Amino acid sequence: MLSLRGLSTRFGNNWVHKGVDLDIPPGEVVSLVGGSGSGKTTLLRQMVGLLTPTEGEVRVFDEPLFAGSREAQRQRRRRFAMCFQGGALFSAFTVYENIAFPLREAGIATEAEIRELVALKLSMVELLPSHAALMPAELSGGMIKRVALARALALEPELLLLDEPTAGLDPTRSASFVALIRDLQQQLGLTVVLVTHDLDTLAALSSKVAVLAERRILAFDSLEAVMQVDHPFIQEFFLSERSSRALARAQGA
Amino acid sequence: MADAIRTPELHLREGCLSPTGDWTLLALAPHANRLRSALATASATRWDLSALTRLDSFGALLLWRAWGGRLPADMVLPDGFATQFERFVAMDEAPVPHPPRFVFTDLLAGVGGAVLGLFAHLGDFLALIGRLALDCLHLLGQPRNWPLKEFSANLYKVGVKAMPVSALVGFLIGVVLSYLSALQLKAFGADIFIVNILGLGIIRELGPVLVSVLVAGRSGSAMTAQLGVMRVTEEVDALTVMGISKYVRLVLPKVMALSVAMPLLVLWTSAVALIGGMMSAELQLGLSYGYFIETLPKVVPAANLFIALGKGAVFGVLIALVACHFGLRVKPNTESLSANTTASVVTSITLVILVDAVFAIATRSIGVPL
Ligand SMILES: Nc1ncnc2c1ncn2[C@@H]1O[C@H](COP(=O)(O)OP(=O)(O)OP(=O)(O)O)[C@@H](O)[C@H]1O
Ligand SMILES: [Mg+2]
Chain F
174 MLSLRGLSTR FGNNWVHKGV DLDIPPGEVV SLVGGSGSGK TTLLRQMVGL LTPTEGEVRV
234 FDEPLFAGSR EAQRQRRRRF AMCFQGGALF SAFTVYENIA FPLREAGIAT EAEIRELVAL
294 KLSMVELLPS HAALMPAELS GGMIKRVALA RALALEPELL LLDEPTAGLD PTRSASFVAL
354 IRDLQQQLGL TVVLVTHDLD TLAALSSKVA VLAERRILAF DSLEAVMQVD HPFIQEFFLS
414 ERSSRALARA QGA
Chain H
35 MADAIRTPEL HLREGCLSPT GDWTLLALAP HANRLRSALA TASATRWDLS ALTRLDSFGA
95 LLLWRAWGGR LPADMVLPDG FATQFERFVA MDEAPVPHPP RFVFTDLLAG VGGAVLGLFA
155 HLGDFLALIG RLALDCLHLL GQPRNWPLKE FSANLYKVGV KAMPVSALVG FLIGVVLSYL
215 SALQLKAFGA DIFIVNILGL GIIRELGPVL VSVLVAGRSG SAMTAQLGVM RVTEEVDALT
275 VMGISKYVRL VLPKVMALSV AMPLLVLWTS AVALIGGMMS AELQLGLSYG YFIETLPKVV
335 PAANLFIALG KGAVFGVLIA LVACHFGLRV KPNTESLSAN TTASVVTSIT LVILVDAVFA
395 IATRSIGVPL
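These protein sequence lines are chains F and H, in that order. Quick note: to get my numbering, add 173 to the position in the first sequence (first position is 1). Quick note: to get my numbering, add 34 to the position in the second sequence (first position is 1).
Simulated from the structure, these hints should not be mistaken for lab results. Treat each hint with caution, since some may be false.
Covered stretches of chain H (in silico footprint by chain F; criterion: 3 or more residues with CB under 8 Å from a CB of chain F, positions within the stretch not fixed) [stated by the list, open to error]:
(1) 60 to 68
(2) 81 to 92
Calculated from the model, a selection of chain F residues having no Cβ within reach of chain H, i.e. all distances over 10 Å [as the list claims (entries may be wrong)]:
(3) L238
(4) F239
(5) A240
(6) S264
(7) T267
(8) L290
(9) M297
(10) S303
(11) A305
(12) R346
(13) Q359
(14) E397
(15) F406
(16) L412
Sample of chain F residues with no beta-carbon within 10 Å of chain H, all distances over it, derived [stated by the list, open to error]:
(17) T225
(18) G315
(19) L328
Keep in mind that this is a model prediction, so the values were computed, not measured. Here a beta-carbon is modelled for each residue, glycine too, at the ideal position from N, C-alpha and C.
Sequences are here, hints too, so could you generate the full structure?
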């Protein structure tokens, strides 16, 4: 579905990644974890082609990201969507126009259908229809996150990349986000890559966990297996007292 | 996705409609219109969704609309797809509000809003000047807090970096003006008056206005955009929270820099324009450089130079204040940023020309040999 081969990234003299290999099979929900500044956002940006890696290759849907004609690339792009860490909503558009925008660009649905689809996406992320008329500057941080998710879902992507989707959401909303992603994943076989520091979300949602540290993927396996890996970062991340409590809570739920 | 797309179809068998294949946005794209009309004309009462391979919310919406917004009584619905329709049921009854239609009263309200907006602008502009003046008074007691670094950075940006372009424009204008005047003067045999025309025209009028237009387009827009982006990214708010006055840190250095840089730029540009004119006059009329330089101070009283420098300073302050005024009004969205940047440039150029007219009237008896 999505694979990174020998990917390295350099900013100036600073190597952020060195030889990252990752193969994400279809239908998995993969949590990418790592310390702050370890290059998770950078990795996501490379997966969608916003950044070209210094070395290595990104393959999506079994093809190189930039293979084929312009039209083929456009079609491929339409099959994945990304939610940015800061939302990246179009600030001159209302919430409604933000979500309708990719649908209008695709030119498949009629205006009346778009209205209902937008209403549906809004209710999926638990926003009210009356929020549709607001401008992004009038939203709270968590609402921005949810509108960004609704916009990412608008084109029914097969691959969804989420950068800290639950940061800034209250626990109830985080839980419904988890439920929503899990639903979509089961119904549409969605593949999801999410960056998160939220252990509750991670434990509840991910079928696999990828740990990014020391500039490479240290471990990529199920949560239980990853937790067995003997590495200071992993031990610290999953087995500290705080983490254990969160994970126990998630397992109990 | 490993498995290929299965074409979405709609089959009618013995009064039972069954959609088959992938009913997803991607798969439906080439077939949407055909299936939409097929759904619209189909008049079955029984539905069978068990042959569907995939269904996303767009596919579900097409079916939902064909059903008239409720589940048909007689249907086979596999569990996996049921949740798609539950979402429609759970969806808020209240529809997404339509954007309000434009009616005649909106036009009236628009005109009224524009007039009131003008007053709001005037009020805000006065308030900006007032706040700046108060902050300056406050600063008098604290020489340490004068934003001197920002002042010097701004001076470099708006002054030094503008020198090449203003020289180029000034030189060309000087050449063109001299050439055109020379053609006329030759016809009257009044060649030597070229010095009067160029000297007075460029030093007193053209230099300051030309530089103002250049600086408004170059630095005024940059100032508005910079403050605007700082508004969008909440940097201005961060400053306020730190207890640092945005007027002292952001507005004052810009005003100071332009009030110093503009007279200097006027001097520089006028000089280059005169050199251009002088070269053209030599080529066209055979007027020697020596004669031109010797005659210039005799026919253009020094008062003109001071008027030009004064104009430069006033225009500079105006451009900076207008730029900051519009920059601080930017609302946190890109549309407002572009609108305010445009408004800033247009307003400052208009204001400069208005004030220039006032100057012309106020100084009509100074420095003009009668
Ligand atoms: N455009 C850039 N130019 C230079 N360095 C960059 C750039 N983008 C990111 N970096 C550096 O790359 C490293 C990784 O950044 P990245 O944003 O990917 O971190 P992250 O893992 O997403 O962190 P967080 O969890 O805090 O969001 C950081 O050290 C950052 O300074
Ligand atoms: Mg990040």
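Nearest-CB test (10 Å) between chain H and F239 (chain F)
19 Å, holds
Verify this label for me: E397 (chain F) is non-interface relative to chain H, using a Cβ-Cβ cutoff of 10 Å.
27 Å, holds
For T225 (chain F), which was marked as not at the interface, is the minimum beta-carbon distance to chain H over 10 Å?
Since the minimum Cβ distance to chain H is about 25 Å, T225 (chain F) lies beyond 10 Å and the statement holds.
Confirm or reject: T267 (chain F) is not an interface residue toward chain H, with every Cβ-Cβ distance exceeding 10 Å.
8 Å, violated
Over 10 Å from every CB of chain H: does A305 (chain F) meet that, or does the non-interface label fail?
5 Å, violated
When you look at the beta carbon of F406 (chain F), is every beta carbon of chain H farther off than 10 Å?
32 Å, holds
The output says M297 (chain F) does not contact chain H. Does that hold with a beta carbon cutoff of 10 Å?
7 Å, violated
Per the stated criterion, does the least C-beta distance between R346 (chain F) and chain H lie above 10 Å, as a non-interface residue requires?
16 Å, holds
Q359 (chain F) non-interfacial with respect to chain H [C-beta, more than 10 Å]:
7 Å, violated
Would you say L328 (chain F) is clear of chain H, with no C-beta pair closer than or equal to 10 Å?
6 Å, violated
Status of G315 (chain F), Cβ more than 10 Å from any chain H Cβ:
17 Å, holds
Determine whether the non-interface label on S303 (chain F) survives the test: each CB of chain H must be over 10 Å from its CB.
7 Å, violated
Going down the numbered hints, you'll see the structure goes against 6, 7, 8, 9, 10, 11, 13, 19, while the others check out.
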